[in-house]
Amino acid sequence: MLRKLTETVVRFPKTTIAVFLAATVFFAVQFPKIKIDTDPENMLEQKQPDRVFYDKVKKEFGIHDLLVVGIVDERGIFDPETLRRIAKVTDSILQIKGVIIEDVVSLRTSDNVTSQDGTLVVRRFMEEIPESPGAIEFLKKAVYGNPFFVDKIISRDGKATSIYIPIEQKDQSYRISKEIEAILKKELIPQQKYYLAGLPVAEDTFGHEMFVQMGVTAPMAGFFIMILLFLIFRMGVAVVPPMLDAMLSVIWTMGLLIGTGHTVHIMSSMIPIFLMPIALLDDIHILSGFFDRYLITKDKRKAIIDTMKDLYRPMFFTSITSAVGFGSLALADIPPVRVFGLFVAFGIMAAWLFTHTMVPAIIMLMNEEKLSAFLEKRQKRISSRDKILKAFGRFSFYRSKAILWTSLAVLVIGIVGIYRIRVNDNPVKWFKPDHKIRIADNVMNRFFGGTYMAYLVVEGDKEDTIKRPEVMSYLDGLQSRLESLEIVGKTSSVADIVKRINYVLHNEDKVFDTVPQGREEIGQYLFLFSMTGDPNDLDNFLDYGSQKANIWIQMKGGDNIQMRRVEDSTDDFINKNPPPPGIVIRWSGLTYINKVWQSLMVWGMLKAVLGSFLIVFFLMVWEFRSLRLGIISMLPLSIAIISSYGLVGLTGKEYDMPIAVCSALSLGMAIDFAIHYLQRFKAAYRELKSLEAAHSFMAGEPYRAILGNAIVISLGFLPLITSTLTPYVTVGTFFAILMVFSTLATLILLPAMMRLWGESLFKRED
Amino acid sequence: MKIIKIFIVALFLIFGPKFVFAQGELSANDIIAKSRLSFYYAGDDMRAKVLMELINKNGQKRVRELTMLRKDYAQGGNQKYFMYFHRPADVKDTAFMVYKYPDKDDDRWLFIPAISLVKRIAANDKYSSFVGSDFTYEDVSGRKPEEDTHTLLRKEILNGTDCYVIESIPKGASEYTKRISWIAAMDFLPLKEEFYDKQNELYRQFEAQEIESLNGIPTITKRVMKNTKTGHRSEATFQEVEYNLGIGDDTFSERYLRKAPVQWIK
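If you read the protein sequences in the order shown, they are chains A and B.
Using this note's numbering, the first residue of the first sequence is number 1, and each one after it goes up by one.
Using this note's numbering, the first residue of the second sequence is number 1, and each one after it goes up by one.
Only chain B is shown next, with the shape it has when bound in the complex:
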């Protein structure tokens, strides 16, 4: 991480600002599309242990710990997610499965161990909260680039990294009315996002706080979403991230919802 930064700064010092964006003129749409792939479609599959801390403005904390599996079926296409909850104690064994289709509503199932029930859930992922956090489902699994109109506002250095700053305005109904993203020119990971609400005021702010290269894939290992209006924030730390494990299709089934696949989840 540090080395990359030093490298970038060195390049910048040697060749001046012109060089950094020398990889041809990318359009805003291209950048957003690339960003989506590098952020949500890294590798063919992935496993991570996610520690999520929900912190309210008084500093009180709630903890969620889960193991997440993801399998991609096509770059930018269908995906399957599997989430198994370790903490809090009273939700242990709860499991959640999502079939994500870019062109239609997701299919989601939840296993509720206390009554040994698998329930299909239909909810709007545009605004429903991901496990009670400030992240929405969309923040966790992505949004189709075609849903917004993107404009490249400027190029800017954010914390020493060259970024494209892109404004995205939703074409249809959405929770936000404007999103501004700082996307790293180097690996297209989103470093920062600002969401503006119907009053045209900043209300949510995303930040990639730690980025590591894992199995050669740049990965955001710590991300924070803060609601600037309520002071509530959610910090997600991705640990034990592994890519290209060859997770089988059968893992994403009701059978494993009821009984976690021990091969992947300990």
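Extracted from the complex, chain A is given alone in its bound form:
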């Protein structure tokens, strides 16, 4: 059937090209509909329980997306001039549309509750700018005297202050942050550094970088691959079919993705870069074979049909295995990963289609005279590359035993390395360390209680449960345990508010800096608090029916490992100090959510890898009609994968989202070399009836094609290293390493095995 297709295409090359280009236009017009999604919550299913709970928590406790401005003055901020500027900045920020005025927390806008000469005083920290030294001292005393705000709006060393700016809508964050930046630029002097942090800022920046990624890095990678192709074939026109194949498959895939209403997430933004090198792999085999044959037959039509005939099976199997490898990501519980996997799989099969249509059609249109002139010239040069290939072939064939033992050793080292793998991730670290987001994050975490938020939600079985003294004390106890952890910078809850009121009502007597032990007292203190500020001041910490409390935990790090340690320590506390009856405690918050999807990722990927391993294995057994060949074909990639991951473990690189994703798809790619090798070897052995002769043949054109593939695919991912986002860098580096390992394993291990067992493997079939 495929043969008929080839014949038709070769007969009507122009029509074929026209039809496919027309179809491509249809996919390309979808592009303007692109929607970027940078919300880390979307890593979880809409209905995933932790996400549902997080949404509920945000709604019930009136939690909005937050921008955080940090202002640092090394000379200290307690100076009338500096304070005036800070006040001006804050006042201007309040005027930005979309900012929730009454919820802004800062020196200028937050209420302080103190006791002065027996009077309970509720005043903003900085209603007026303190001018005299006495007034400055007074402000200092007020701020540092209220533990609720230390490490939050003021650093302990007095050099930094921050402004927390909740916003109504996340999609306004870009405009608002730009307006804030303009204000900061205008009002502050150069000695006063400012930092803009907060999830919405990070997300916007990330979205922007993703566009850059797709608009700059992907074309760059394309150009780079073009150069590689030119170096392999040393002929300009040879670059056209594979490049066109790659471009069309990218356009079709992204067009379909956007056209079907999918958002472009961090994962799917990588699709072009993944597809390009993969799409043109088969074309290299076709061109390589075609050039060799054309030299002999001088008949383009016949050369193409003959070349294609040999390649139908390996090309189909390499494509289908790669598609299965990526498609296996559909087993993951993470929607963006699923979308990524399925669409790359589509792209690979689209590329396979182009390989059978566009590519031969373009070859048919090549100028014959130039072609043969060039090829003859090329043949006269016996390239040094071919010599190396021959030597390399001899080595792998004749040192078979040593090679097998070495492989075994590599395998063992790899497994040892895998045992040392540390699973960890932190989306903020997706920015490179010198990125301004990372810098802001570092500075803010040095001066303040921490920018990574987690929530511990304490829920009672009926209304007013939280007002019970034993529950309130329990909150306080939990917070003490949490604050004893190094990573936790600050915790805040309704218990802090009750303690503060108790302390202030008793003329700031330290003895009363505790949770009162009467139910009425707590109720009346909270009532008093509600009379001092806004009606929604308590909302973030206590729900409307006083049935649930929310402890805010600010952490100085957002690594999953750090989150897990905080969780473990909390569990330990809860086990040793069981909460009052009827109380349920549950984690939430973005740092926790990140941890959740990451564990899903680890297990999901493992599932995907094992799943695709099995499918590819069955495909191989079917393809070679031999269980033993099936096993042998899986060996090089197993070694490559195990040693790559061993390397991850041994170098101490953390197993994060990008590494996890690589695992599933590396499989489908690494098998390609083995398929081509074994298919070609089998055919050669049948023809030449000698292992040595077959091997010698293999060390020529097939090695060249396989090596060409290996070079394109391992170097083709390298432009990713220039990206400003670390997931791209990781994927680029890891893939290059994996492909090198996989090529080496194929070209060294398989010949060695062929020498040892080739005869028995292939003989039985004859």
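No wet-lab data here; the hints were simulated from the structure.
Hints may contain errors.
If you want the ones that stay clear, here's a sample from chain A, every Cβ over 10 Å from chain B, calculated [as the list claims (entries may be wrong)]:
| # | residue |
| --- | --- |
| 1 | 219 |
| 2 | 298 |
| 3 | 486 |
Here are the in silico distance ranges between beta carbons for each label pair [as the list claims (entries may be wrong)]:
| # | chain 1 | residue 1 | chain 2 | residue 2 | range |
| --- | --- | --- | --- | --- | --- |
| 4 | A | 35 | B | 178 | 34 to 40 Å |
| 5 | A | 212 | B | 153 | 37 to 43 Å |
| 6 | A | 18 | B | 229 | 55 to 61 Å |
| 7 | B | 259 | A | 508 | 24 to 30 Å |
| 8 | A | 578 | B | 178 | 51 to 57 Å |
| 9 | B | 229 | A | 508 | 49 to 55 Å |
| 10 | A | 581 | B | 229 | 37 to 43 Å |
| 11 | A | 46 | B | 229 | 26 to 32 Å |
| 12 | B | 229 | A | 55 | 16 to 22 Å |
| 13 | B | 77 | A | 133 | 37 to 43 Å |
| 14 | A | 136 | B | 178 | 29 to 35 Å |
| 15 | A | 23 | B | 229 | 46 to 52 Å |
Covered, in the sense of this in silico footprint (three residues per stretch, anywhere, with C-beta under 8 Å from a C-beta of chain B), are these stretches of chain A [claimed, not checked]:
| # | stretch |
| --- | --- |
| 16 | 83-96 |
| 17 | 115-124 |
This one's a predicted model, so the numbers in the text were calculated from it and none came from an experiment.
Even for Gly, the Cβ is constructed at its ideal location relative to N, Cα and C.
For this one, chain A is given, so just place chain B on it according to the hints.
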């Protein structure tokens, strides 16, 4: 109420719009001053049971029930307020007393029964919430007309009542940057107020929903303050309103804070 409305409409139909505002050209300042007197200084003293419902945007409710006493010392001058809380249960017996001076900060005292403590409180009444509601202290006890610059924007009929629409811009620092009031031409009660925030957006909206004439004094018996940005609203219903009871000066003392004056509060 209904009769008044019908009467107004009838007058309007008979004499046309010119008649309604025929009581001489009042300035915006006059209107605001009159409005303050009729809203915050009605009678020489007053007692009311206030039921306050605080409702968040999800429709969840919190209830506050209190008895309020008020005594005026001069029209537009000093006042004393006494508030005794009946509900919620855990704040029963809590009492609150305010001495209001138009020209300086109020004096306020709170009695906290759980620890049997009377505490003096100093807070900014411009923005601090009245018992956790959307009303500020200022909304409950008034604001000096001189603090804003008033402009009469237009005359308008609101729900069948002729109103002056007045824009007030604060002269000093304030929570709002602009207030628009609809003040009834007939009795100078504020029927509606809109508060604009620093972003020049509407954020709070006051509405007088029910008005009754009690002891011959037009009284807003149901008022609602809604925060249009958060969706939170507070509905205050004034029940058992009585004026000119002759509440004694000694009622407004620490002694009665600790033990509610049974004569007025049951």
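The hints, checked one at a time:
no.	hint	in the structure
1	219	42 Å, holds
2	298	78 Å, holds
3	486	37 Å, holds
4	35/A / 178/B: 34 to 40 Å	38 Å, holds
5	212/A / 153/B: 37 to 43 Å	51 Å, violated
6	18/A / 229/B: 55 to 61 Å	58 Å, holds
7	259/B / 508/A: 24 to 30 Å	28 Å, holds
8	578/A / 178/B: 51 to 57 Å	55 Å, holds
9	229/B / 508/A: 49 to 55 Å	35 Å, violated
10	581/A / 229/B: 37 to 43 Å	40 Å, holds
11	46/A / 229/B: 26 to 32 Å	28 Å, holds
12	229/B / 55/A: 16 to 22 Å	21 Å, holds
13	77/B / 133/A: 37 to 43 Å	39 Å, holds
14	136/A / 178/B: 29 to 35 Å	34 Å, holds
15	23/A / 229/B: 46 to 52 Å	50 Å, holds
16	83-96	holds (count 4)
17	115-124	holds (count 8)
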